[in-house]
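S.K.: Guided by the hints, dock chain H onto chain X, whose structure is given.
From first to last, the protein sequence lines are chains X and H. When the letters of the first sequence are read in order and numbered with the numbering used here, they come out as residues 1 to 269. When the letters of the second sequence are read in order and numbered with the numbering used here, they come out as residues 1 to 269.
For the record, the hints were derived by calculation from the structure and aren't laboratory data. Watch out, some of these pointers could steer you wrong.
[As the list claims (entries may be wrong)] Selected chain H positions facing chain X (Cβ under 10 Å, derived; list incomplete): (1) ARG108; (2) MET137; (3) TRP172; (4) GLU175; (5) ARG176; (6) LEU182; (7) TRP198; (8) ARG203; (9) LEU206; (10) THR207; (11) THR242.
[What the hints assert, rightly or not] Simulated coverage check for chain H against chain X, where a stretch passes if three residues somewhere in it have a Cβ under 8 Å from a Cβ of chain X: (12) 63-72; (13) 92-103; (14) 213-223.
[Unchecked claim] Coverage of chain X stretches by chain H, computed from C-beta distances (three or more under 8 Å per stretch; other residues unrestricted): (15) 135-147; (16) 238-252.
The C-beta atom is built at its ideal place from N, Cα and C for all residues, glycine as well.
2 protein chains.
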Amino acid sequence: MSDIVFNHATVRERADMLSFLRLSAERGLETVSIWGDEIAKVGEANALAALRDHGMKVAGYNRIGPFGPGYLDRAEEELERAARFAPDHVFLFTGGLAEGERGLTAARRRVEDQVSRLLEMARRIGVKLAIEPLHPMLAGDRSVITSLTAANDLCDILGHGIGVVVDVYHLWWDERLGAEILRAGRAGRLLGFHVNDWLLPTRHLLTDRGMMGDGIIELASIDDMMRRAGFRGAVEVEIFSTDWWARDPAEVMDVAIARCRHIFGAKNS
Amino acid sequence: MSDIVFNHATVRERADMLSFLRLSAERGLETVSIWGDEIAKVGEANALAALRDHGMKVAGYNRIGPFGPGYLDRAEEELERAARFAPDHVFLFTGGLAEGERGLTAARRRVEDQVSRLLEMARRIGVKLAIEPLHPMLAGDRSVITSLTAANDLCDILGHGIGVVVDVYHLWWDERLGAEILRAGRAGRLLGFHVNDWLLPTRHLLTDRGMMGDGIIELASIDDMMRRAGFRGAVEVEIFSTDWWARDPAEVMDVAIARCRHIFGAKNS
Numbered sequence: 001m002s003d004i005v006f007n008h009a010t011v012r013e014r015a016d017m018l019s020f021l022r023l024s025a026e027r028g029l030e031t032v033s034i035w036g037d038e039i040a041k042v043g044e045a046n047a048l049a050a051l052r053d054h055g056m057k058v059a060g061y062n063r064i065g066p067f068g069p070g071y072l073d074r075a076e077e078e079l080e081r082a083a084r085f086a087p088d089h090v091f092l093f094t095g096g097l098a099e100g101e102r103g104l105t106a107a108r109r110r111v112e113d114q115v116s117r118l119l120e121m122a123r124r125i126g127v128k129l130a131i132e133p134l135h136p137m138l139a140g141d142r143s144v145i146t147s148l149t150a151a152n153d154l155c156d157i158l159g160h161g162i163g164v165v166v167d168v169y170h171l172w173w174d175e176r177l178g179a180e181i182l183r184a185g186r187a188g189r190l191l192g193f194h195v196n197d198w199l200l201p202t203r204h205l206l207t208d209r210g211m212m213g214d215g216i217i218e219l220a221s222i223d224d225m226m227r228r229a230g231f232r233g234a235v236e237v238e239i240f241s242t243d244w245w246a247r248d249p250a251e252v253m254d255v256a257i258a259r260c261r262h263i264f265g266a267k268n269s
Numbered sequence: 001m002s003d004i005v006f007n008h009a010t011v012r013e014r015a016d017m018l019s020f021l022r023l024s025a026e027r028g029l030e031t032v033s034i035w036g037d038e039i040a041k042v043g044e045a046n047a048l049a050a051l052r053d054h055g056m057k058v059a060g061y062n063r064i065g066p067f068g069p070g071y072l073d074r075a076e077e078e079l080e081r082a083a084r085f086a087p088d089h090v091f092l093f094t095g096g097l098a099e100g101e102r103g104l105t106a107a108r109r110r111v112e113d114q115v116s117r118l119l120e121m122a123r124r125i126g127v128k129l130a131i132e133p134l135h136p137m138l139a140g141d142r143s144v145i146t147s148l149t150a151a152n153d154l155c156d157i158l159g160h161g162i163g164v165v166v167d168v169y170h171l172w173w174d175e176r177l178g179a180e181i182l183r184a185g186r187a188g189r190l191l192g193f194h195v196n197d198w199l200l201p202t203r204h205l206l207t208d209r210g211m212m213g214d215g216i217i218e219l220a221s222i223d224d225m226m227r228r229a230g231f232r233g234a235v236e237v238e239i240f241s242t243d244w245w246a247r248d249p250a251e252v253m254d255v256a257i258a259r260c261r262h263i264f265g266a267k268n269s
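For reference, chain X alone in the conformation it holds in the complex:
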């Protein structure tokens, strides 16, 4: 049985970080994924104290990016804050094309160079970076890394200290998924497994993700790919959805836990 982790984004509209940690602890969860901007809202000292009081660990820290002008200075500060939360991994959020930049090919080359610089910085600070390939529909404005193949290729070039996170929402359509998950597993770089679902119809490119089981993604089959590739980590619930954001956070988490138990055989305690 794998553990369940919630990403704070799933309930962020109605639960600040302190409430989110309490709700997670009440459900027997031992790990959470968090956001820098949500830490800032409640104060870093309070956030750290709450984690300590609940005896809770951090899986993913969101996030370094987007890679705009001056990103390196901001990244250093963000990586240092991340390090104080001792996360398993810190997400890179490349952003899309830069202002005035024309062409995805050029943007991809730029981003590869930037990730390489960030990796040097992260190694020095002592945190591990995570590339989460996003859906191709977000290539223009959210991430120029839109397949696990591209993420694996980049990790191959960069060496240690960086890995990948598989989010079913972004990658479920890709015929190469099983092979690329296996490739990542063999390279020891499978850092996380984000779950949610693809709804039919999907009404918005960013904020209409579904609860696991409400959509059409072969979740159990992708879970199986992860396990066969040697992944022993948690399933992390990350749902960006105006519908679920509007509901009671406790209810959202209870529904998600029940779905994770049913679909993934995952456990919360």
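M.R.: Leaving out everything else, chain H in the frame of chain X:
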């Protein structure tokens, strides 16, 4: 200089097929791409007579599908109607998951089998089939073939009488695009080149495509890939957009022609 072809869908909301043919002829265009449902609206005899009167050829005929229950009977009728319009190619529109079908992998296997049956039928009737891979965001409900790689793989299996159409909107994000266009070119199966643009932000998954030059796709670079792969055909303007549909069809076509001349060096007469 390549020719310009309009796909009727670009102006269909305000120009029926007869108006569309007249508008195309007035602009010195010699070829159009058409839709079965639009033929039905004006009557097949009228549509055929108008094409003949304008001395106009048909590039793409839309379309066979979606592959629901009873699709083979309907497909035969549609292929026969298509044949009467002597198109260069007839589009396959696979649709997404079938009612109650769970899992993209199963749907892809089903569709491959269905395309194989359709191809036998198309060969007998004497029309060429075209696979147009759609964007991964449409994998659930529009097409289970979401990359040029998958389309090439399927064509490799099926043999003669079937090829691919490259639509920049669906494929621009794919790192493999150049290589897969070349692969299709070498196999002699590049049947068409659809142009439009990806807008930032994109507000709708189906009906918010941009006019060439208004978005972020490297159009000239993809055109270059097509030419280097030996494609000598037209650029076909296909824009599904509530914004452009609301405008005067003549104006839409004039803007698109100007953009095609500028970006692709294409000509209308």
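S.K.: Count the residues of the stretch 238-252 of chain X whose CB lies closer than 8 Å to any CB of chain H, then report whether that count reaches three.
M.R.: violated (count 0)
S.K.: Is the interface hint satisfied for ARG108(H)? The criterion is a beta-carbon contact with chain X at less than 10 Å.
M.R.: holds, 8 Å
S.K.: May I ask you to test the interface hint for GLU175(H) with respect to chain X, counting a Cβ-Cβ separation under 10 Å as satisfied?
M.R.: Where the cut-off is 10 Å and the nearest Cβ of chain X is about 6 Å from GLU175(H), the hint holds.
S.K.: Taking 8 Å as the Cβ threshold, is the statement that the stretch 213-223 of chain H is covered by chain X upheld or broken by the three-residue rule?
M.R.: The restraint on the stretch 213-223 of chain H holds, since 4 of its residues have a Cβ under 8 Å from chain X and three suffice.
S.K.: Quick check: the stretch 63-72 of chain H, covered by chain X? Criterion 3+ residues, Cβ under 8 Å.
M.R.: Check failed, 0 qualifying residues.
S.K.: Interface hint check: ARG176(H), Cβ to nearest Cβ on chain X, cutoff 10 Å. Holds or violated?
M.R.: This interface hint holds because 8 Å falls under the 10 Å limit.
S.K.: Does the closest beta carbon of chain X sit nearer than 10 Å to the beta carbon of THR242(H)?
M.R.: Given a least distance of 14 Å, the restraint on THR242(H) is violated.
S.K.: With chain X as the partner, please determine if LEU206(H) meets the hint condition of a C-beta pair closer than 10 Å.
M.R.: holds, 9 Å
S.K.: If you take the shortest Cβ to Cβ gap from TRP198(H) to chain X, is it below 10 Å?
M.R.: holds, 6 Å
S.K.: Do three or more residues from the stretch 92-103 of chain H put their C-beta atoms closer than 8 Å to C-beta atoms of chain X?
M.R.: n = 4 at 8 Å, threshold three: holds.
S.K.: Holds or violated: is the Cβ of ARG203(H) closer than 10 Å to a Cβ in chain X?
M.R.: Where the cut-off is 10 Å and the nearest Cβ of chain X is about 8 Å from ARG203(H), the hint holds.
S.K.: Mind checking the CB of LEU182(H) against every CB in chain X and telling me if the closest is under 10 Å?
M.R.: Since chain X brings no Cβ nearer than about 16 Å to LEU182(H), farther than 10 Å, the hint is violated.
Figure legend: structure checked against the earlier numbered hints; hints not met, in rising order: 6, 10, 11, 12, 16.
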